Amino acid sequence: MQYLSVLIFGLPVEFLVLSFITILCALYVVTNKNPIHSVLALIMTFFSISAHYIILNAQFLAIVNLIVYAGAIMVLFLFVLMLLNLNKDSEPQVKMGWQVAATIAAGLLLVVLAASLHKSSEYVSRNPVEGVGLVKNLGKYLFSEFLVPFELSGILFLAAMVGAVFLGKRKTDDESTEMEETA
Amino acid sequence: MKPDSIFNSLDISHYIYLSCVLFCIGMFGVLMRRNAIVLLMCIELMLNAVNLLFAAFSSYMGDASGQLFVFFIMVVAAAEAAVGLAILVMVYRNTKSTDVGLLNNLKG
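Sequence lines, in order, name chains A and B.
Every letter in the first sequence is one number past the one before it in our numbering, and letter 133, counting from 1, is 133.
Every letter in the second sequence is one number past the one before it in our numbering, and letter 5, counting from 1, is 1005.
Looking at chain B on its own, in the form it has when it is part of the complex (with noise of 0.2 Å):
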């Protein structure tokens, strides 16, 4: 470890506060958007913050297995990203719309 390292300069608290405000905002964006395709870029805003907050603490403790579990959720996010876009475009060919707020069938 060199001696300047950001390791040395950067606690990893400020790091925390980053994650946790970019999962913030991927919320609010989930609460506040009705566009269907804004809603899923929300959330691969919230996976990508708390796989800043796993790289981070890795790197702090020098454990790579923080860094594997990234790979994984992005293997998730991959995953959720293709079902998630083909679901909408099969919502888009019935509804003509990706407004998230049309599909209310189930309210009963």
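Chain A with its partners taken away, still in its complex shape (with noise of 0.2 Å):
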């Protein structure tokens, strides 16, 4: 795949555009208070999250993350909040102070992680294989390696089927009496 070769700051410019919808979207998802906007926004940070898989040549995971997030994830999310009937008026109102404490704390949390990872990009190999993030190499792996991780991986799919449904079952009449009587 050809890139553009213009930088800016001494960086692509696609990875400059591309962080910066991303954290824009990524920050409109924690500060509106209409519920459905931050969903919205938080779709459109998948899909740039998935231009990064692209640029960093792991096609089929940029497809997956799409597929999987964006398509059924956020659509779930979507279902619930319409479900549910919430709006902007529903948004529980949070105290000042506790809202200065969360920046703090997540500000403290960026600086530890940077400081703490950004030598860390001195002990990497660069390494790179054509074709790595191809589903052919990544079918290869998943099937050998992962094969057993693969499997369990079914088995808590299933178990967070039967447990969701059981979740949201709404209770029938007869059941809902006796745990009154119970009570």
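In short, the hints are calculated from the structure, not lab data.
Note that this is a predicted model, so its numbers are computed, not measured.
Cut-off 30 Å, straight-line C-alpha distance, at most; resulting in silico cross-link-like pairs (DSBU-like, lysine-lysine):
no., chain 1, residue 1, chain 2, residue 2
1, B, K1096, A, K95
2, A, K95, B, K1107
3, B, K1096, A, K33
4, B, K1107, A, K33
Taking the hints as your guide, dock the two standalone chains into a single complex.
Okay, structure coming up:
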């Protein structure tokens, strides 16, 4: 894949633009009062992260990220939001001091993470292989080295599905009266 | 590896910084918001920051294991979202609100 070679501040322009979009949308998710807008901004964030995967030569991951996150998980979130009929007015109020404390805590975490990780790039052997992110290569690894985790994740999915159905099931009338009697 | 590949013009440290920023934004949201559904979304954001870092390291080192880890994180995220939203719907049925501040019965 051919890349633009335009550099701004010594960085490729596509990385800068995508990072800008990603961070802006992520900030919009957490600061917006309307949950529906938050979901839409989060979908936008996932799209830009998928674009990051593409410039990192992880093509299959980019598509799976779009299908699973933007396509399945966020649609689930949207459905639940519309089911619960949430809007700006139902948004719980947060105290000002709590917001300041959250900002300081997140800023401190950022400083600690950046300071502890900024040397780690020296230890990365830069050895990109052509086609490492394609389905053929990933499938080979998934069904040989990672076969047991793959099967286990299937069981996890089954358990999550049963749990979600059980939790989401509305209690029938005689069941709920039974509960009230025992309570 | 082509000479104009992004791996030559961009150091991995920039991806590390980007992931750190995304993770901290997610944590900021978890600390600041009290709407349970936004909390779940912030957790997804943090998981995605980790995914991005896994993919960046995997691509720079030419090792597919990192990208497979991302798949497993996606599986866990999907399962977590499904169960979390089911719990959320149940909580909403009982309290008519998604405010996590109301769920303080275990405080003692």
